[in-house]
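J.: Once you've looked at the hints, dock chains C, U and Z against the given chain H.
Number of protein chains: 4
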Amino acid sequence: MHVIEEGVVNMFLEKVKTPGLAHLSWVIGDGDSAVVIDPRRDIDVYLDIARSQGAQITHAIETHRNEDLISGSALLAEETGATVLHGPNADADIRYATTVRENDHITLGNVDLKVLETPGHTYDSISIAIYDRNKGDDAVGVFTGDTLFIGDVGRTDFYPDRAEEVAGALFDSLNKVLALGDQAIVYPAHGAGAVCGSGMADREFSSLGHERMNNAMLQIRDREAFIQAKLDEQHYQPPYFRVMEKLNAEGGRQAPKPLALKPLTVKALSEKQKDGCEIIDVRSPETYAGAHVHDSISLPVGLIAAYAGWLLDTNQRLVLVANSLEQAREALVNFSRIGYDSIEGAYTDGMTGWSAAGQPFSTLPLVSVDDVSRRLREKQDHWQLLDVRKAEEYQQQAIENSTHLYLGHLQEQMHRLDRGTSYTVLCGSGMRAMVAASVLRRAGMHDVEVFLGSMGAWNNR
Amino acid sequence: MHVIEEGVVNMFLEKVKTPGLAHLSWVIGDGDSAVVIDPRRDIDVYLDIARSQGAQITHAIETHRNEDLISGSALLAEETGATVLHGPNADADIRYATTVRENDHITLGNVDLKVLETPGHTYDSISIAIYDRNKGDDAVGVFTGDTLFIGDVGRTDFYPDRAEEVAGALFDSLNKVLALGDQAIVYPAHGAGAVCGSGMADREFSSLGHERMNNAMLQIRDREAFIQAKLDEQHYQPPYFRVMEKLNAEGGRQAPKPLALKPLTVKALSEKQKDGCEIIDVRSPETYAGAHVHDSISLPVGLIAAYAGWLLDTNQRLVLVANSLEQAREALVNFSRIGYDSIEGAYTDGMTGWSAAGQPFSTLPLVSVDDVSRRLREKQDHWQLLDVRKAEEYQQQAIENSTHLYLGHLQEQMHRLDRGTSYTVLCGSGMRAMVAASVLRRAGMHDVEVFLGSMGAWNNR
Amino acid sequence: MHVIEEGVVNMFLEKVKTPGLAHLSWVIGDGDSAVVIDPRRDIDVYLDIARSQGAQITHAIETHRNEDLISGSALLAEETGATVLHGPNADADIRYATTVRENDHITLGNVDLKVLETPGHTYDSISIAIYDRNKGDDAVGVFTGDTLFIGDVGRTDFYPDRAEEVAGALFDSLNKVLALGDQAIVYPAHGAGAVCGSGMADREFSSLGHERMNNAMLQIRDREAFIQAKLDEQHYQPPYFRVMEKLNAEGGRQAPKPLALKPLTVKALSEKQKDGCEIIDVRSPETYAGAHVHDSISLPVGLIAAYAGWLLDTNQRLVLVANSLEQAREALVNFSRIGYDSIEGAYTDGMTGWSAAGQPFSTLPLVSVDDVSRRLREKQDHWQLLDVRKAEEYQQQAIENSTHLYLGHLQEQMHRLDRGTSYTVLCGSGMRAMVAASVLRRAGMHDVEVFLGSMGAWNNR
Amino acid sequence: MHVIEEGVVNMFLEKVKTPGLAHLSWVIGDGDSAVVIDPRRDIDVYLDIARSQGAQITHAIETHRNEDLISGSALLAEETGATVLHGPNADADIRYATTVRENDHITLGNVDLKVLETPGHTYDSISIAIYDRNKGDDAVGVFTGDTLFIGDVGRTDFYPDRAEEVAGALFDSLNKVLALGDQAIVYPAHGAGAVCGSGMADREFSSLGHERMNNAMLQIRDREAFIQAKLDEQHYQPPYFRVMEKLNAEGGRQAPKPLALKPLTVKALSEKQKDGCEIIDVRSPETYAGAHVHDSISLPVGLIAAYAGWLLDTNQRLVLVANSLEQAREALVNFSRIGYDSIEGAYTDGMTGWSAAGQPFSTLPLVSVDDVSRRLREKQDHWQLLDVRKAEEYQQQAIENSTHLYLGHLQEQMHRLDRGTSYTVLCGSGMRAMVAASVLRRAGMHDVEVFLGSMGAWNNR
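Chains as they are written, first to last, in the working numbering: chain H, 35 to 495; chain C, 35 to 495; chain U, 35 to 495; chain Z, 35 to 495.
Chain H on its own, in the form it takes in the complex:
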């Protein structure tokens, strides 16, 4: 029962964060209506929030065409009858959504939402200002999508042949947003850790005033200088971005409901592998190191959203190895958010059961900071430290004589590695290094090991 007798609080604004992608979506509502901003594909969380507030979801708003995850807007529309809204100038003819334009309004009880057209990150980008109709004419907050982040602004590298134009558009859009006033709280579509902006704060709360005074990009007051700064930026574009854009233009592939996960016995796992399924081991790096199914890929749950799109084709048939069915289900949801729906089961009974049933297993050596230090000191031959972090991380600090090859580029540029060399792979802590090592092994490079602790251990040695 959500009816409360004393001074009912109807207005609500809740953040839904999707880990791995650092994606932020928002539910705002008043009275018996609610709106979801930039919903993800697994939409139960929005339905639960709305229901707990006694509200029905009436609209889903896309602040821009999403390229890094599958939108849940079309699904929300189907489940709740909500209207999907998006900005003008979309690349595709998006049949499931209605176009909104500058100054269009949505009113929910005392909440008033107003559209600002803010192209730049994409042509169809919009921001949504929030007003409380009972309390003055100043915006209380603004959903900024991928236009303005806490500590950064949106990337503008998606239209390479019109790079200056879109960077300039973003400059103008930011000024339009800032004009809402210092008091407006900022609600962006991404937090730190996202692949969509690189200088973000570690913080997920700020106001236009704080950003105006402290966001480095907003300190550049000259339009040309701003454009040049954007042109100088470098961003990664995982290949699955193109798939996401296409799916989102079509309405987002609907998730299989429910996300069923078949438990696999030893025998069933073995048969799936023979039958062409890729085995994805979502357990911790040290568990994979200890023993794993031969030719399986290490991809810990927390890295699925960021790296599956670099390493796996969306149509590849997959089976999971996990600690437990709960962990496997979490992995399934992470895969689903970025469009991987071909997961045919999960084996969760561990490598003792696997090996006791007569199945072969592999191990992968872990080395410590002491081992690495010694080898560097001794200048070991035919041995190389391979750093798979992002270029900007490597540029910030690297171990002398290490080689850099970004994990996301590993499959494409593996030819740069030497099969006669022994590689010790490192990253920030050893997680991405284990993913990389498993991919190298899968490609037939057997003299591979992982530096557990990696830069963390190096800096704490």
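Since the hints were derived computationally from the structure, they do not count as laboratory data.
Remember, predicted model here, so these are calculated numbers, not experimental data.
Treat each hint with caution, since some may be false.
Because identical chains cannot be distinguished in the list, a pair is counted as satisfied if it fits within a single copy or across any two copies.
To be verified - Simulated pairs of lysine-lysine, DSSO-like, Cα-Cα distance not exceeding 30 Å: (1) Lys148 x Lys301; (2) Lys49 x Lys280; (3) Lys148 x Lys210; (4) Lys301 x Lys51; (5) Lys49 x Lys301; (6) Lys296 x Lys306; (7) Lys51 x Lys148.
T.: Frame of chain H; chains C, U and Z shown alone:
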């Protein structure tokens, strides 16, 4: 595993809302440390937030002496080793806490928390400004305790003999807070519906800028006018406030761990009642109306926090009647938050089981808006509409010829009612009216019924 | 991880009970294989048991054509690849199942299951003897389906024109089962409370030896006497039995997955009712009595399985009124088990919210044993006690001058009631009476009330 | 609401199994009363069963003095007011319990429980026959404690100086139990895998008839031959048995409520270790193999109940390393059941976090069946296969040239191993071998590795 390889987001700020009391507490942290602002007594929620972020709680901060609920600070300190901080000038010698003063700092990773002394609501009130050490010198936000709410300011009626002094102090404190700048986000200790402020917004997010421009009390720029406005306010003080203050000065009575709830059979409930326990029926008003244990009090779960303190002595032995053990447990937690620890069990098997076992039951008539309209039209004799809402609600709108007596004052002022008159009790929807009707019945007034729908139905007739 | 190092226990036998229908299904397994006996439609429970034992479900066995619930065999087959087995002589051509015959075996590790053809209750009835291949040649237990219950034997009234033949067949079948030996434990398809047998024990564990010595029907050693006893029995056949038989012959209508339940606002509920949906109130009788939506039917969750089939057409569009979404979901599952799939949502915000929104409500009077006693004593005119229990309950004990009309027959025989008479409805405790009263009200009889406590209160007066 | 209108089933009998110890306890009840047979220390499961049946627990029965786990009887008595019953002739003066004797009765509704004195396993052993007062005079079942198991009988090695006497007493007791008749179902206190009997069936359901005909020990019809067979048996007695007996005589040390588990950061774990806490790693063997905290002991959750009592002192301060807090909590409960209450926290953030923070880690090599086969073939020098299974497992099948030393005896007999030899440890699958290897490492033997898959892999090679 909270270790995430990509751009770890460590800084976090989470709201914990306690329904019924509209109490807001906050957890802020960075890296492996966290601070809780104004914790309530059931502290598991704070431990869970900290753990999910990989942080240990190092401090609990009391922005002021709480009068409306039991503080969880002493319990948090015991469970986690956290240091409890409070402001100077406390009424009592609070042995479990350390006094902080203007400009004292707590640093958690990149978060810097700075103390502002902001007396007014209480002498010991403080506010806590939030800075991001990586991003400029402007406060990102401020925990304002009961000094500044969204749409209102703190009440200043707790020191009747020094009323002008404390109202003036609040004026000065608000100016000190506003000086942090328009960009700072406001994080108060109460949301709308609280007994601590009456003009609050229906909204729980705002910034100093938005409040400066729109909060009615902040528009009064003259100190004397502000003081006069505060003196003119009227507030309720439930008798349990004094108990809370005393317990909080002592460190908060510790909650029995775990909050065990004995299920009662029909026989056991009957014996508890004979043995002097008060029976509290936490089911919905219509369920109580249909059938209830004779002499039980109706107090739906959502009203416990607001009304138990008016109706029940904190030492009264209680037993619950609930729909389910889950509902009974929710009631138990609500009672516990305001210091009622003598709950001896719960009966959850319904009135069919009760009556089939040979036990007597009572019913309480519900009447509709049509019934009430007709009686008013016919000017029925010896009949009275009794409105038990707050005075300010009654002043805003009331049904002609109805009598007002606030539910909180019902027991004390029951002598104002006439035993020869038949009363139909109303409130906003019928919930508080049912509580009132059960209290009147318990006191021996039998000709009582409830207007289901109450003002809601009246306005929709 | 289910691998346990020490003396792995692989053999398992678990009971799954479906309340309301008193239906018992069983999962037996050893090693990595399991068999489900008489699965219900919501099959997750079987999948969970199998997975927790590390087993795959290889077979589903139907001991007979189910008439009182929808079988989950076809669904299990689809989800797991299991083979469905049933006995010979089925009425229909059941395409999804394989026929087994006398002495057919299924071997699961050390468990050996052997088919016994045991016609009588239905032509296709089989029993399944359980052997432990490591421990002797005697059956450890036997799944008896609807052939033998604890304290009773199966009903034989489904083929009225061949009544003697099937009763005789049952006699022979029981002797075949008893020949397995006193040591065999009995695992039937129904426990006490089922509509399929009337003399059952209150107990769900027994052995062939205990039944041979104590089951009243097994004391009749003469075949003709046994046949006569069966011919003398009287059983109810709810109209939905025919629907179940038909659906089960076709493979069981598949359940919508997941069983989604739309929460309804006041407005949505009101529109659904206008749009022709029947409102089913699954809250407790006293809650319904207190206030309910006009023209809604009372059907507490625990009575759905037993009475929906008498009162509602399987294609009728339904909406629920419940205390909580959890209660509504439980109701949904109960409806689903007997083929009611047209549930379009649930309203769970109570009658205060409903009436405060301006919607009309109804109440239904509850009377106590004292009221009833007084009226009987005073021989009140134009008033009648209406007992809606089963005929056998009424025959066992009834209140003098009460009228009997079984709840299941109420709609069909309502013409037997007098619209000029005031009825007080009773049953065992008041639950079925409330269902009956709501049905009478729905049919336009307004002078109806319920005796809360009913026979329970009468016997404890 | 457990009140069901139709043919209420009140009689219930539920099994509660404690994995690891293969301990079986039982709840039997009728109407509003229930009895628990041989409760374990974490008693919530019994309270939940009783409540779901609407019953209060009136008695706890100890079929004998428990030596392998802490009894929950005294705790149940405190929580529910239940009376604790035990047999005559107890070694200790058990103040919290009441002595029952031959033919004493407890009646619960229609259930009648009758005491049989059945000394042998212990002097105070009793069995409890179950009767249904409505259905004849034959026992429906019997709780046999540690007197009779499915496939075996109780061990009689606890009184070495009176071995013949107690073995003879058991013979007589078994005959007394069998006299209840073939039809009685057997409900013992242990299932397969227990340390209390060695020839048990893989099955947990049987009747006296099936046991009479198939239990090997019951085929010995000569008293002297039976005594001799018992004298010839060999059993392990972990040192903690003496602690359990003492605690149970005193009433069972009460469990700390709730079982709180402090999450530990890297820093906190490191400090706990320096401070003298033993680190117990409850993760899977392959995870421990991959990377673990130096000097930690491997003890996977499923082995805690069986091996903690051999390896750890009950007063040893412990901290856990686990995959997740859920796994750590499961470990905590397992430790608690056998009296280990000094668990000071759990680290669940994995070895990447640990090593990235600059902490050292260790690894432990896993070898495959191919590695082992090759070494055996090549007769590798200074290398030994060490089998740590139970003597009876080793006697049944062993790899040629392997050495046997039971895991439980490892610490006591480590002097039998040669520090100049390299050991590959094996067991059934690798789990116990990993525990043994970690204990050897902890004792300073570094040239140790584990045969993953062990006898399972050997037999499937």
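J.: All hints are to be evaluated individually against the structure, with a verdict given for each.
T.: Right, here's what the structure says about each hint:
no., hint, result
1, Lys148 x Lys301, "between (58 Å within a copy, 27 Å between copies)"
2, Lys49 x Lys280, "within (27 Å within a copy, 37 Å between copies)"
3, Lys148 x Lys210, "within (13 Å within a copy, 33 Å between copies)"
4, Lys301 x Lys51, "between (38 Å within a copy, 28 Å between copies)"
5, Lys49 x Lys301, "between (43 Å within a copy, 28 Å between copies)"
6, Lys296 x Lys306, "within (12 Å within a copy, 38 Å between copies)"
7, Lys51 x Lys148, "both (23 Å within a copy, 28 Å between copies)"
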